[in-house]
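Fit chains L, B and G with the ligands to the known structure of chain Z by using the hints.
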Amino acid sequence: MIILTVDKAKDWMKEIQKRMFDHKDQLTELDQAIGDGDHGINMARGFHEVVAKVNHTSYDSAADVLKSAAMTLMAKVGGASGPLYGTAFLKMSLAMQGKEVDQDVFKQAINDAVEGLQARGKADFGEKTMYDVWKQVANFLQEEDVQDWHGILEVCQATIEDTREMAATKGRASYLKERSKGHVDPGSMSSFYIFEALAEVLDLEE
Amino acid sequence: MIILTVDKAKDWMKEIQKRMFDHKDQLTELDQAIGDGDHGINMARGFHEVVAKVNHTSYDSAADVLKSAAMTLMAKVGGASGPLYGTAFLKMSLAMQGKEVDQDVFKQAINDAVEGLQARGKADFGEKTMYDVWKQVANFLQEEDVQDWHGILEVCQATIEDTREMAATKGRASYLKERSKGHVDPGSMSSFYIFEALAEVLDLEE
Amino acid sequence: MKKVINNANHVVDEMLDGLVTAYPSFLKRLPETTVISRSDALVQGKVGIVSGGGSGHEPAHAGFVGKGMLDAAVAGEVFTSPTPDQIIEAIKSVDSGNGVLLIIKNYTGDVMNFEMAQEMAEMEGIKIASVIVNDDVAVEDSTFTVGRRGIAGTVFVHKIAGAKADTGASLEEVKAVAEKTIANVRSMGVALSPCTVPAAGKPSFTLADNEMEIGIGIHGEPGIERLPLEEADNITTILVDKVLADINYEKAEVALMVNGLGSTPEMELHIVNRKVSEILQEKEITLYKTWVGEYMTSLDMEGFSITLLKLDSELKDLLVQDVKTIAFHV
Amino acid sequence: MKKVINNANHVVDEMLDGLVTAYPSFLKRLPETTVISRSDALVQGKVGIVSGGGSGHEPAHAGFVGKGMLDAAVAGEVFTSPTPDQIIEAIKSVDSGNGVLLIIKNYTGDVMNFEMAQEMAEMEGIKIASVIVNDDVAVEDSTFTVGRRGIAGTVFVHKIAGAKADTGASLEEVKAVAEKTIANVRSMGVALSPCTVPAAGKPSFTLADNEMEIGIGIHGEPGIERLPLEEADNITTILVDKVLADINYEKAEVALMVNGLGSTPEMELHIVNRKVSEILQEKEITLYKTWVGEYMTSLDMEGFSITLLKLDSELKDLLVQDVKTIAFHV
Ligand SMILES: Nc1ncnc2c1ncn2[C@@H]1O[C@H](COP(=O)(O)OP(=O)(O)O)[C@@H](O)[C@H]1O
Ligand SMILES: Nc1ncnc2c1ncn2[C@@H]1O[C@H](COP(=O)(O)OP(=O)(O)O)[C@@H](O)[C@H]1O
Ligand SMILES: [Mg+2]
Ligand SMILES: [Mg+2]
Ligand SMILES: [Mg+2]
Ligand SMILES: [Mg+2]
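Chains as they are written, first to last, in our numbering: chain Z, 57 to 262; chain L, 57 to 262; chain B, 54 to 383; chain G, 54 to 383.
In isolation and in its complexed conformation, chain Z is listed as follows (with noise of 0.2 Å):
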C-alpha cells in the first residue's frame, strides 16, 4: 500500500504548519527555559516558508516534496534546528527516490533520517535532544506497522517525558547541566509535532 503521494505530502507539511503555528508560543517557552527561546518562532517561521514553497510548485513524487521542504528548512530556519531538520527531510526524501512510499520505504525513510540526524548532531539517545524522539519512532517501527499512530504518538509522548528528567548534554540546554532537568526538550516537542501532522495526513484516508 503506497502511504505516502505528492498530496499527502504536502497536506503533511501543511498539518506541520498549522501546529508549529498554533504552538509557536509554547515551543519558544520551553527554548526560554532551557535554550535561547527562538525554537517556536524557527519553527513558525521554517513551516510557513515550506508551506508557501510547496503550495506552488507541482512535484513528481513525495520524495521531490520533502526534497523541497528540506531545502527550505535548510535556507530559512538557521540555529540548531534548520540543519538538523533539513537533514531528516532530506535524507527520507533519498530514501523514497524512484520508489512508491509503501510501509517498508517509509521505515527506511525514518530510519536514514534518524541516521542523518545522529550524523549531523553528533548526539546518541538520551542526551535530551529530538534525535531522542526520531529513535524512539524508529525503534517501534521495527515491531510495528507505520499505521500503528496512536502507538507512535505514545512513544513520542513518553520519549519528550523522558527529555524532561535528563540533563541535557546536546545542544544550547547543555550548558545548563543539571539545571535542564525539570524541562522538556524544545526540539523533541516540534518532533511530536511533525509526527502528529503525519498521523492526522495518514488518518484522513482511513
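Derived from the structure by calculation, the hints contain no laboratory data.
Don't be surprised by glycine CBs; every beta carbon is placed ideally from N, CA and C.
Chain B is faced by these chain L residues, among others (derived, beta-carbon under 10 Å): (1) T84; (2) Q88; (3) G93; (4) I97; (5) M127; (6) K132; (7) G134; (8) G142; (9) G227.
Using 30 Å as the maximum straight-line C-alpha spacing, the simulated DSS-like pairs for lysine-lysine come out as follows: (10) G:K233 - G:K180; (11) B:K81 - G:K377; (12) B:K255 - L:K237.
Not everything, but these chain L residues come out facing chain B in the computed CB check (under 7 Å): (13) G91; (14) G135; (15) S230; (16) Y231.
For chains L, B and G with the ligands alone, kept in the frame of chain Z given last:
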C-alpha cells in the same frame, strides 16, 4: 542685639545639614517630578561638605563662616542650586563683613542675597524657583522683626504652596510648562529648610 | 534597575579612574579633579576646547576628548553640572595662550557654573569665550523661557569646533564656526523608559507599558508629551517632522545622528535610521554623513534622539576632518 | 521591555538596511541576502575573512567588517545562526582565489550551518578553512560536552585574523594565528537582567531584584549560577578569578575587553574596568591594551563580560595594526 555669632552661624550650617540629610529623599522626589531628580542629593552632599569644612576651621566672624559655606557650596554642589545658594551665602557674608550682625545688618544681608539670586538666576518673582521664597522672606522682613520666626516660616510655607500651582518659567521645571503645575518647587522646599534651620538656631538662645 | 556600582556616591570618581586606566594613550585625569584631558595636553599653538556637564551621558563628554575634538572634559556629579573650580582647572590645563572655548549645553546649572568659571578665567587673564548649545526643538525657544536644551547635537559642535581649532584658527574663528553649527543643528528625543540616578535609587518617572515620552531631555526630566507607544517608523516620523519644521532644510545637505539614550539596542537604532533616511530622501534632503550609536546617553534610559545638522562646505570639511577620540570616529 | 521596531519578523532585514544606509563608505549589503560586506569587497590578493551568527549581538558582526578585520558578516535571525545558503554567498563574495577563513562561534547551530556552507564551498572548489571560537570559561570544556561557547573574545579573533590577512599571509597562516588567538582568549559574563527576543515578546528568564546570573551566554540562555547581587568590585572579582584560573597568566601581557551586554551604562563598565586593572596589577599581569564598551551584546540585557587575551609579540602587533571598521578601533 547681635543675632548671628560665629557659633550660631556654624550651628546654622549644622542644622541645615541635618534637614537636608533627613529630607534628601523628599527633595529628590520633588525634583524627579519636575526636574532631574538630584536636588536632595545635591543639597545633602553640599551641606555635608559645608559642615565638614566649618567644623574644622576657626573663624573670626559670622561673615567668614558664611563665606566659607558659600565657597564650599559653589565648589561641591554644581547644578543650578550650587551657584545660587553659593551666591546667596556669599552676598550675606559680604553684607555682614566687618559688622556685628544685628537686626538691620541681617535684614540687609537677606536683601543682598535676594538681589544676588536674582542676578545669578535671572529669575523674577512667580517663576516657581527658590527665588520666590527668598523674596517673600525679604518682603516680610521689611515690616517685621527677624525674631518673628513663626511669621517667617509661615511666609515660606505659603510661598512653597504657591509654587505648587505655578507653571515654572525658569530652571529645569520650565521645560514641562503647564505640566509643572501641581508640584512644589524643590529649591523652594530646600530654602524652607534653610530658614527653618536658622529659626532653630536663633531660638536656642531665647 | 540594577546597577553595577560600589557606592552611589563614588560612581563618578571610579568611572573616571576606570576610563583613564582603559585609555591611557588617549586620556589622562588631572590629579584631584574631575577633569579628563588629552594625554598629550597641552597642545601648543592651538585654541583649547573645553566642554563637560553632569555625568551619566557617557561617552559624553570624555569620550570626545582627543586630537581634532575636545582638549578637556569636566565631569560633574550624575546629571549635575560641574562646579566652577573644576572647570577653571580644565581651562588652565589646555590654555596655551591662544585662548580657550567653552562649549556649554543650555541648562541653567551648566550655564551658571561655566560662566562663573569663565569670569574667573578672565580675571586670571586667560583669553576665553563660550558658546551655548540649544538644539532640542522639543523645548520652546522664546525670550520668556530659559530656551532650548542642549542635547546630542552638542557632539557635532564639539567635532566642528575641535576640527577648526586643529587648523590653527583663532579663538574668534573657532567660536564663530561653533556658533554657525549651533545655528544649524536641531535634535529631538523620545523615551520608552525612564532612567535611574544611582544615588536616587529609583526611576525618574514612570511610563506605562504602552506609553512613550516625546521630547525627552537627557537628564530623566519628563518630556513634553506622553503618547501611546507606536511602531518605529511612526515614532521616527514624529521626531523628524518636528526637527524639519524648525529651520528650512529645502535642498539641504545634512549630517545625521541617531543617538541611543542608553538601553536601546543598536538594532533598533538602525531600524530608526532606515526610516529617517527614507524620509529625507522623500524630501530631497541629501545625507552627507550619518552616525548611529550612543553618543549622548541618559544612564540606562530606553529611547533615542535624532539630530540633523544643516551643512555648508566649511562645516562639511570640518565634520570629516581627522579625529582621534574614543567615541567619535569619521 | 519596549522595543522600537515595526514588525518583529522584519527586524533583521530592516536593521541591515538601516546599517548600510548609515555607513555606505564602509559597508554594503549583498542584494537579497543578509550578508554585509566591505563596500570595497572583494579585495584582491588577500585571504577573505567571514564571520557571523544570529542577530541581536550588535555591533557584532557587521560592525567589525572593514579593512583589517572582517570582509563579510552574515546575519541570522535574532539569536539564530544564519543558514548555509547565506553563508556561501558571503564566502563567494570575498573569495579572491586566496581562500576564505570562517570564524565560527561554538554553538551547535552555528557550527552546523557554517560547516555545511564550508562543505558547499569546497564542492565549488573554493579554498576554505574554519576556526571555532570557544572563549567562555563559564561552560565546562570536556569531550562529553559540546564545549565552551564563543562570546566576546571572538572580536579579538576577528581583529587578529583580519590583521594577519591584511599582511598578505596565506590561508594556512591566517588560520594558524586565529587558532593561536583562540587558544589564548578567555571570557566570562554576568547578567543583571534577561533580554527579550522581539518575536518572543517576553524576557528570556526572570531574575529577582537582588539576583544576578553568573556565567551568562549571549543569547538569553540562563547562566551557570544564580547569586545574590553584589557590588561591582565583587562581581568583577568573581569573573576575573574564573578567567585567570583557566590558563597560566603568570607574568603575562594581556589585552582586556570589558564588554557591555546591551543595557549596562558605559559608566558602570568603566567602574568594572577600574577593578579589573587593579586585580591585574596585583597579580603582576601587564595590560597591553584595553577596550571598554559594547562589542558583543545580547539585545537589551543588563550585564557585562570580561575577556582576557594572553599576548605574544605577534599577537600584539596584529592587535594594534590599523583597522577601519564602524565598531572596533585601536
Ligand atoms: N546536537 C544536536 N543533535 C540533535 N538535536 C539537537 C542538537 N542540538 C540541538 N538539538 C535540538 O535542537 C533544539 C533547539 O533548536 P533551536 O532552538 O531551533 O536552535 P538553537 O539551539 O540554535 O537556538 C533542541 O531542543 C534540540 O532538540
Ligand atoms: N534661574 C533660576 N533662578 C533661581 N532659582 C533657580 C533657577 N533655576 C533653578 N532654580 C532653583 O534650583 C532648583 C533646582 O536645583 P537642582 O536640582 O539642585 O539643580 P539642577 O536643576 O541643575 O538639577 C529649582 O527647584 C529652583 O528652585
Ligand atoms: Mg533555540
Ligand atoms: Mg535637579
Ligand atoms: Mg541636576
Ligand atoms: Mg537560536
